[in-house]
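S.K.: Next come the chains, spelled out residue by residue.
2 protein chains.
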Amino acid sequence: MTNEKVSAAPSVRRLPGYLNIIRAFQEEGGEYISSAAIAKELDMDAIQVRKDLAITGVLGRPQRGYPVEELLTAIERFLGWDTARDAVLVGVGNLGSALLGYREFNLHGLTIIAAFDTDHRKIGTVIHGVKIMNGRTMDIQLSRLGIKMAILTVPAGEAQETANVLVQAEIEGIWNFTGVKLAVPVHVTVQNEDLSSGFAMLCIKMHNKRGIRGINGG
Amino acid sequence: MTNEKVSAAPSVRRLPGYLNIIRAFQEEGGEYISSAAIAKELDMDAIQVRKDLAITGVLGRPQRGYPVEELLTAIERFLGWDTARDAVLVGVGNLGSALLGYREFNLHGLTIIAAFDTDHRKIGTVIHGVKIMNGRTMDIQLSRLGIKMAILTVPAGEAQETANVLVQAEIEGIWNFTGVKLAVPVHVTVQNEDLSSGFAMLCIKMHNKRGIRGINGG
Numbered sequence: 054m055t056n057e058k059v060s061a062a063p064s065v066r067r068l069p070g071y072l073n074i075i076r077a078f079q080e081e082g083g084e085y086i087s088s089a090a091i092a093k094e095l096d097m098d099a100i101q102v103r104k105d106l107a108i109t110g111v112l113g114r115p116q117r118g119y120p121v122e123e124l125l126t127a128i129e130r131f132l133g134w135d136t137a138r139d140a141v142l143v144g145v146g147n148l149g150s151a152l153l154g155y156r157e158f159n160l161h162g163l164t165i166i167a168a169f170d171t172d173h174r175k176i177g178t179v180i181h182g183v184k185i186m187n188g189r190t191m192d193i194q195l196s197r198l199g200i201k202m203a204i205l206t207v208p209a210g211e212a213q214e215t216a217n218v219l220v221q222a223e224i225e226g227i228w229n230f231t232g233v234k235l236a237v238p239v240h241v242t243v244q245n246e247d248l249s250s251g252f253a254m255l256c257i258k259m260h261n262k263r264g265i266r267g268i269n270g271g
Numbered sequence: 054m055t056n057e058k059v060s061a062a063p064s065v066r067r068l069p070g071y072l073n074i075i076r077a078f079q080e081e082g083g084e085y086i087s088s089a090a091i092a093k094e095l096d097m098d099a100i101q102v103r104k105d106l107a108i109t110g111v112l113g114r115p116q117r118g119y120p121v122e123e124l125l126t127a128i129e130r131f132l133g134w135d136t137a138r139d140a141v142l143v144g145v146g147n148l149g150s151a152l153l154g155y156r157e158f159n160l161h162g163l164t165i166i167a168a169f170d171t172d173h174r175k176i177g178t179v180i181h182g183v184k185i186m187n188g189r190t191m192d193i194q195l196s197r198l199g200i201k202m203a204i205l206t207v208p209a210g211e212a213q214e215t216a217n218v219l220v221q222a223e224i225e226g227i228w229n230f231t232g233v234k235l236a237v238p239v240h241v242t243v244q245n246e247d248l249s250s251g252f253a254m255l256c257i258k259m260h261n262k263r264g265i266r267g268i269n270g271g
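Protein sequences appear in the order of chains A and B. Quick note: the first sequence uses our numbering, first residue 54, plus one each step. Quick note: the second sequence uses our numbering, first residue 54, plus one each step.
Mixed in with the good hints there might be a few duds.
The list makes no distinction among identical chains, and a pair is therefore deemed to hold if it is satisfied within one copy or across any two copies.
[What the hints assert, rightly or not] Listed next, the in silico SDA-like pairs over lysine to any residue satisfying Cα-Cα at most 25 Å (straight line):
| id | residue 1 | residue 2 |
| --- | --- | --- |
| 1 | Lys234 | Arg103 |
| 2 | Lys175 | Arg114 |
| 3 | Lys262 | Glu122 |
| 4 | Lys262 | Thr190 |
| 5 | Lys175 | Val218 |
| 6 | Lys234 | Ala127 |
| 7 | Lys93 | Gly110 |
Keep in mind the hints are simulated off the structure, nothing from the lab.
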């Protein structure tokens with residue numbers, strides 16, 4: 054099971070991208086979509102698309118492709134996005150503010166219902182429709198709200214301390230943008246986000262396209 | 054070669070994370086680091102770490118591990134991060150502003166030397182040390198600056214139009230945060246960024262941990 058999880062991770066990462074394409078296709082009235090059509094939109098291989106979609110349990114039909122409605126439902130259910138997910142955001146700096154206004158999240162069932170900061174100039178204000186609450190009383194507020202997921206965008210120096218408070222308040226999942234490796238109990242899930250990963254991919258692809266060298270760095 | 058590129062992508066994505074850990078290890082005076090030590094920090098499998106690092110051409114030594122200095126140099130050279138990379142950012146909204154202040158980029162040799170926007174209240178101001186220039190004269194400015202890489206954070210409705218200007222101005226790589234599929238000539242590289250990918254991973258991991266279902270969604 055553990056190995057299976059690791060190997061499926063890249064497939065899971067690609068599912069949100071598939072969702073966008075399949076939704077757009079549905080809005081245009083399409084009932085069946087082929088793996089080739091999806092692959093073309095994403096500049097991918099159709100075999101990889103079929104492999105990725107297989108994890109949702111929906112199979113394409115010969116000559117027709119995937120039933121769009123069934124595929125959308127299956128992907129959303131697989132990701133747990135069929136039920137809305139409420140989260141809080143902790144640390145309303147530049148990145149935190151940007152994420153509060155990131156509209157794609159709503160499409161994916163993620164609703165940020167409150168944000169926390171310790172800066173008194175921010176507390177009580179509303180940013181992109183989200184109220185900023187006092188970070189010093191976060192433990193009490195979280196218990197009251199019954200939230201299980203937190204987006205962590207505090208400065209690196211405050212990351213572990215803040216994570217400790219989140220764990221105490223029975224948060225089960227932390228989406229960690231701080232760049233700090235967090236120590237949490239085994240029942241808590243941490244997803245580390247590093248925006249530089251995409252930059253690494255861009256650099257490599259540009260190198261390859263220029264023909265300076267191949268992927269093997271030779 | 055094409056297949057090789059696709060299969061190596063997850064490895065490339067993990068390299069920035071390895072860099073952070075290996076740098077921290079070096080700062081503490083370590084000369085050799087084992088794949089097991091790296092794997093432990095990232096909660097990964099040591100075999101996967103060795104496989105990933107193999108693409109840089111550096112081999113670990115039995116009983117000792119990887120020579121830290123050599124490994125750092127090899128990863129940075131592989132990613133093209135040994136030479137500083139200049140980029141511009143186009144669209145200084147919430148996400149754009151946040152990326153201007155994202156300090157991790159500097160660690161990775163990415164320097165944002167200018168930003169563009171069409172909002173007259175922003176033009177001429179300086180955000181996180183980066184000057185905001187007039188987006189309407191972007192083509193002229195880009196030619197003058199000789200920049201090859203652009204970070205695209207304009208609203209979705211302006212994405213393709215802005216990309217056209219970038220292509221005209223001989224930009225070779227676009228890091229695309231707009232969620233729009235861009236049509237560009239074949240010599241231009243586009244790296245699409247979707248912040249929701251990480252959210253997908255967090256949702257799946259939380260599901261698995263709760264034991265509600267496995268990765269196969271059954």
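S.K.: It remains to establish, for every hint, whether it holds in the given structure.
M.R.: Right, here's what the structure says about each hint:
1. Lys234 x Arg103: Result: close only across copies, 21 Å inter versus 34 Å intra.
2. Lys175 x Arg114: neither (54 Å within a copy, 52 Å between copies)
3. Lys262 x Glu122: Neither: 38 Å inside a chain and 28 Å across chains, both beyond 25 Å.
4. Lys262 x Thr190: The answer is neither: 52 Å in one copy and 28 Å across copies each exceed 25 Å.
5. Lys175 x Val218: within (20 Å within a copy, 38 Å between copies)
6. Lys234 x Ala127: between (33 Å within a copy, 24 Å between copies)
7. Lys93 x Gly110: Within. Shortest intra-copy distance 22 Å satisfies the 25 Å Cα cut-off; inter-copy 32 Å does not.
Checked against the numbered hints given earlier, the structure breaks hints 2, 3 and 4 and satisfies all the rest.
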